[in-house]
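Heads up: the sequence shown begins at 1 in my numbering, then just goes up one per residue.
Quick caveat, the hints were computed from the structure, so don't treat them as lab data. The model shown is predicted, which means the values in this text are computed figures rather than measured ones. Warning: the hint list may mix true and false statements.
[Unchecked claim] Here are the simulated DSSO-like pairs of lysine-lysine, each with C-alpha atoms no more than 30 Å apart in a straight line:
#1 125 - 105
#2 140 - 124
#3 404 - 319
#4 210 - 165
#5 304 - 210
#6 319 - 235
#7 99 - 319
#8 304 - 315
#9 388 - 376
#10 105 - 267
#11 99 - 125
#12 388 - 315
#13 210 - 376
#14 267 - 304
#15 196 - 124
#16 235 - 315
#17 210 - 319
#18 125 - 196
#19 388 - 357
#20 210 - 140
#21 105 - 140
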Amino acid sequence: MSSTPAKADAACRFCGGHLVEFVDLGMSPLCESFLAKSQLNTMEPFFPLAASVCRECLLVQLQEYVTPEHIFTEYAYFAAFSDAWLEHARRYVETITAKYGLGAKSQVIELGSNDGYLLQYFVKKGIPVLGIDPAANVAKSAEARGVPTLVRFFGTETAREVVGKGLQADLVLGNNVLAQVPDLNSFVEGIRIVLKPTGVCTIEYPHLLKTMQGNQFDQIYHEHFSYFSALTTEKIAAAHGLRLFDVEELWTHGGSLRVHLCHADNKTRPTLPAVADLVRREREAGLDRLETYAAFAEQVRATKRNLLAFLIDAKRQGKTIAGYGAPGKGNTLLNYCGIRSDFVDYTVDRNPYKHGKYLPGTHIPIYPPDRIAETKPDYVLILPWNLKDEIVAQLAYVRQWGAKFIVPIPELAVL
């Protein structure tokens with residue numbers, strides 16, 4: 001495994017500026033490195049999990065301890081197993097197709113296209129697509145959905161390869177991929193290269209403002225190298241000849257942004273007032289001041305104490321607790337709080353790829369969802385709390401035996 005030791009003098013991956021650490025989540029394994037039973041008695045690598053902010057450009061980031069090749073070449077996350085996420089993708093395709101007049105002569109390129117969960121809706125409309133994703137296992141699922149997929153990491157080299165084949169995009173999109181890119185400058189420069197002169201790029205990512213205001217520290221994990229605000233996005237785009245001309249605020253991941261980018265000299269896309277309005281609100285919330293980041297750490301520690309106090313009390317009363325989901329954010333939460341099978345008997349997930357495996361670090365076993373009906377736990381701990389409404393609806397039957405749901409973020413709630 002390739003890894004880079006932590007360096008006290010590490011520089012910002014965008015501007016090279018000085019980094020200031022502001023929240024430390026201890027040592028943690030890679031959040032998508034699920035274990036087979038045969039691996040439980042072997043050494044498991046843990047890495048520091050601490051977020052820093054750049055003094056100069058204010059980009060929040062983690063150090064790169066493991067190469068992207070190690071994390072993403074075979075990936076355990078398949079987007080198509082969430083009904084809510086599929087509906088979000090379908091609505092995006094409907095909206096963006098109408099907004100930018102896409103049709104049979106257009107070209108759509110998705111970066112981090114995963115299992116084709118989104119591009120399949122463009123295919124159904126007869127709009128030419130290309131997915132680019134480094135994970136060969138999820139790319140196979142995309143191809144089965146009729147989504148042509150190039151198995152590559154995206155950056156300037158891949159962008160030139162695509163353009164060299166005669167493809168440029170009317171629409172480039174990247175949903176929840178920008179955070180997973182250690183070489184930001186190559187990635188954004190690649191967007192500039194592959195985008196037609198009048199083309200548009202939309203990128204979705206968890207909004208740093210919502211992450212901090214909502215105490216969503218479990219969004220921090222090694223697979224997410226960077227965390228973005230509109231403030232930093234404007235700077236990064238401008239450095240590569242792109243302009244942020246519109247922004248939407250979304251429900252996904254507890255609060256996300258969808259930013260719309262174009263070439264800086266594209267006069268057909270004026271910058272809309274929503275951009276300045278959001279940047280103003282970010283400044284008012286203190287995202288341009290280092291002391292705002294420093295205050296985040298105590299919120300995180302309080303959440304850990306409250307959740308552990310509840311679980312300890314429940315176990316003293318003889319209650320049984322199961323988990324729902326095996327998301328990356330859940331593994332950050334469980335490892336930081338030290339919650340293992342002494343608190344949570346097992347977790348379930350709809351993704352068959354994870355069945356029979358164990359969560360990294362905590363070694364909690366993963367079963368299919370029907371395990372809950374078989375064992376009738378007193379509590380279900382919802383780890384993908386951003387999908388709690390969908391999960392509560394799916395598990396409505398647990399009320400038959402009086403079970404309750406535990407939602408840990410933004411603050412402990414029992415439903």
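Here's how the hints hold up against the structure:
1. This hinted pair checks out: residue 125 and residue 105 have alpha carbons roughly 12 Å apart, not beyond 30 Å.
2. Proximity of residue 140 to residue 124 is assessed by CA-CA distance (about 18 Å); at most 30 Å being required, the pair is judged to hold.
3. Annotation: proposed proximity of residue 404 to residue 319 holds, straight-line Cα distance about 11 Å (limit 30 Å).
4. The hinted pair formed by residue 210 and residue 165 fails the criterion: a straight-line CA distance of about 40 Å is larger than 30 Å.
5. About 19 Å separates the Cα atoms of residue 304 and residue 210, which keeps this hinted pair within 30 Å; it holds.
6. Under the criterion of a C-alpha separation no larger than 30 Å, the hint pairing residue 319 with residue 235 is inconsistent with the structure, at around 51 Å.
7. Straight-line distance between C-alpha atoms of residue 99 and residue 319 comes to about 52 Å, which puts the hinted pair past the 30 Å bound.
8. This hinted pair checks out: residue 304 and residue 315 have alpha carbons roughly 17 Å apart, not beyond 30 Å.
9. As the CA atoms of residue 388 and residue 376 are separated by approximately 19 Å, the hinted pair is consistent with the 30 Å bound.
10. As the CA atoms of residue 105 and residue 267 are separated by approximately 22 Å, the hinted pair is consistent with the 30 Å bound.
11. At most 30 Å may separate the alpha-carbon atoms for a hinted pair to count; residue 99 and residue 125 meet this at roughly 15 Å.
12. A hinted pair counts as satisfied when its Cα atoms are at most 30 Å apart, and residue 388 with residue 315 qualifies at roughly 23 Å.
13. At roughly 34 Å between alpha-carbon atoms, residue 210 and residue 376 are farther apart than 30 Å, so this suggested pair is violated.
14. Distance hint between residue 267 and residue 304 is unfulfilled; the C-alpha atoms sit about 50 Å from each other, more than 30 Å.
15. A hinted pair counts as satisfied when its Cα atoms are at most 30 Å apart, and residue 196 with residue 124 qualifies at roughly 23 Å.
16. The straight-line distance between the Cα atoms of residue 235 and residue 315 is roughly 49 Å, outside the 30 Å bound, and the hint therefore fails.
17. With a CA separation close to 33 Å, the supplied pair residue 210 and residue 319 exceeds the 30 Å bound.
18. Restraint check: the Cα-Cα separation between residue 125 and residue 196 comes to about 21 Å, which is no more than 30 Å; the hinted pair holds.
19. The straight-line distance between the Cα atoms of residue 388 and residue 357 is roughly 23 Å, inside the 30 Å bound, and the hint therefore holds.
20. Distance check on the hinted pair: residue 210 and residue 140 sit about 34 Å apart at the alpha-carbon level, beyond 30 Å; violated.
21. Of the pairs offered as hints, the one joining residue 105 and residue 140 holds, with about 26 Å between alpha carbons and a cut-off of 30 Å not exceeded.
Of the hints listed earlier, those the structure fails to meet are numbers 4, 6, 7, 13, 14, 16, 17, 20, in rising order.
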